[in-house]
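Chains as they are written, first to last, in numbering that gives the first Met the number 0: chain A, 0 to 282; chain B, 0 to 282.
By construction, these hints were calculated from the structure, which means they are not laboratory data.
Fair warning: there could be bad hints in the mix.
Pairs count within a copy or across copies, as identical chains cannot be separated in the list.
To be verified - List time: in silico DSBU-like cross-link candidates among lysine-lysine, alpha-carbon distance up to 35 Å:
#1 Lys45 / Lys203
#2 Lys45 / Lys17
#3 Lys158 / Lys22
#4 Lys215 / Lys5
#5 Lys224 / Lys203
#6 Lys224 / Lys22
#7 Lys203 / Lys5
#8 Lys162 / Lys224
2 protein chains.
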Amino acid sequence: MIIESKIKEIRARSREQKSRGIKTALVPTMGSLHEGHASLIRAARKSAGFVIVSIFVNPTQFGQDEDFERYPRDFERDKAVCLDSGADAIFFPDVAEMYPDGPSVSIEVAGRMTEIMCGGRRPGHFRGVATIVGKLFIAVEPDIAVFGQKDAQQAAVIKKMTKCLGFPVEIIVSPIVRESDGLAMSSRNSYLSPAERASAPLIKQSLDRAAELFEKGERSPQHLKQAVANSLGGSPAIRTDYVELVDNASFEPVDGPLDRPACLAVAAYIGKTRLIDNILLGE
Amino acid sequence: MIIESKIKEIRARSREQKSRGIKTALVPTMGSLHEGHASLIRAARKSAGFVIVSIFVNPTQFGQDEDFERYPRDFERDKAVCLDSGADAIFFPDVAEMYPDGPSVSIEVAGRMTEIMCGGRRPGHFRGVATIVGKLFIAVEPDIAVFGQKDAQQAAVIKKMTKCLGFPVEIIVSPIVRESDGLAMSSRNSYLSPAERASAPLIKQSLDRAAELFEKGERSPQHLKQAVANSLGGSPAIRTDYVELVDNASFEPVDGPLDRPACLAVAAYIGKTRLIDNILLGE
């Protein structure tokens with residue numbers, strides 16, 4: 000397993016592959032790798048001859064009162080997941096390498112896509128995401144980059160950033176991986192106490208409740224969102240942050256009757272832990 | 000002369016050179032090429048085996064009441080200057096090619112560097128500059144990019160953007176080229192009436208006046224700037240927009256006695272035409 004911490008070195012590795020006609024795929028992560036990340040690495044493995052996993056807990060995408068400091072970090076465990084999943088290299092830079100002059104230069108995706116949902120709840124979050132992903136694209140020069148559908152809004156923002164800045168990178172979005180009880184895999188699940196963990200499957204169940212209504216013909220965004228909120232409201236352990244239904248292409252909220260592929264997304268607090276999840280309707 | 004209007008095509012040209020071990024230099028311009036641009040192309044020629052001149056009047060760096068519409072455009076003349084100066088290729092995209100989804104994604108350089116001088120007078124200007132230069136770097140993938148010292152603040156912003164985002168591009172800043180009477184060459188000089196043109200050399204003369212004082216030992220930023228303002232005030236045809244003295248490395252205003260290399264910069268209106276100029280002190 001190749002491990003590089005300097006931009007120059009990882010870029011040289013990527014260019015070496017490119018000069019031999021081999022495609023490079025990047026899987027950007029913040030470490031704390033679980034089966035969801037492993038599935039992204041395997042998806043990258045299918046599409047490219049050389050797979051680089053970046054591990055970097057990006058400070059600019061955390062708000063001041065968020066969990067940057069306590070975000071779980073375990074490089075040796077992450078390395079084992081990378082090996083098992085078929086990665087060729089890990090890019091493991093420190094903050095000074097990625098932000099040599101502090102956070103003064105950023106990539107901004109304007110518009111409703113970054114104002115709604117997590118954009119409204121976490122001001123600056125998607126600026127931090129777009130900035131670090133742009134930097135990683137410049138550092139690694141991948142042909143392909145793989146992101147998870149669990150962070151659906153992030154994937155939409157990154158697709159837009161990639162298109163608008165003209166990065167020659169194909170974006171692959173890989174399906175959500177779930178625990179056996181339906182909970183979407185997330186590094187933040189480790190924050191949950193046993194009692195909180197027991198309540199967590201209700202998030203996916205509430206989305207499934209709306210999906211059932213959709214299957215039966217319900218097309219009202221209001222009714223579909225209300226079904227999720229009502230279902231979540233059934234547990235006193237869960238506090239709903241938002242429920243939103245967006246056009247899956249533009250990531251703009253659907254106002255009228257649902258007539259195109261859409262993403263039904265939810266964010267909810269269980270105790271102090273904020274979890275997100277989503278399902279696709281009409282795909 | 001190779002002429003490309005599509006990002007894919009110019010990138011393929013650049014990569015073809017790279018695969019043969021030849022360095023590529025980019026000279027970003029808005030066209031209306033004059034002897035100043037020719038000197039940038041010649042500087043690029045000295046440093047690289049393949050020289051690409053981009054010609055693109057970038058809408059996002061113009062304010063609403065500025066001269067985007069009437070900015071001079073003459074592709075055939077520009078092509079002749081490129082040929083004469085030794086360029087190998089011209090990248091001549093349209094607005095839809097560079098902004099496929101409008102101006103919604105931008106690169107922002109925060110801090111005093113973009114707030115003072117032209118940053119304060121032209122809100123959003125440097126966001127537009129940083130964005131288009133970043134897009135051109137992504138499109139052309141140059142090893143070297145050449146900018147003019149005439150736009151000293153722009154050069155500082157681009158250096159910072161390049162360093163912070165980690166573009167593998169060496170930035171060369173090439174000296175100001177002047178008319179025989181000292182006026183810095185600029186595409187906007189063509190806006191001047193004969194009477195206005197006759198007043199224009201006072202801009203450089205006012206900077207020279209301060210340089211004389213500096214040579215004689217004057218180190219007070221206030222006195223040096225006042226000398227420029229007083230000199231410019233001698234002509235009723237000229238309205239000073241700003242006079243600033245900045246650290247030539249950080250591009251932050253010098254407050255105390257001048258003890259390091261600095262850039263003395265001025266912007267002034269002659270009629271409706273806004274011109275900028277600068278000199279280096281203590282280099």
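Hints, verified against the model:
1. Taking the shortest alpha-carbon separations for Lys45 and Lys203, only the intra-copy value of 28 Å comes in at or below 35 Å, while the best inter-copy value is 62 Å.
2. Both within a single protomer and between protomers do Lys45 and Lys17 lie at most 35 Å apart by alpha-carbon distance, with minima of 17 Å and 28 Å respectively.
3. Proximity of Lys158 to Lys22 under the C-alpha cut-off of 35 Å is found in both arrangements, the shortest distances being 19 Å within a copy and 30 Å between copies.
4. For the identical chains of this complex, Lys215 and Lys5 are neighbours neither inside a copy (54 Å) nor across copies (47 Å), given an alpha-carbon limit of 35 Å.
5. In this assembly of identical chains, the alpha carbons of Lys224 and Lys203 lie at most 35 Å apart only when taken from the same copy (13 Å versus 66 Å across copies).
6. Proximity of Lys224 and Lys22 under a CA criterion of 35 Å is satisfied in neither setting, with 41 Å inside one chain copy and 56 Å between copies.
7. For a Cα distance limit of 35 Å, the shortest separation of Lys203 from Lys5 qualifies neither inside one copy, at 40 Å, nor across copies, at 45 Å.
8. For the identical chains of this complex, Lys162 and Lys224 are intra-copy neighbours only, at 30 Å inside a copy versus 45 Å across copies, given an alpha-carbon limit of 35 Å.
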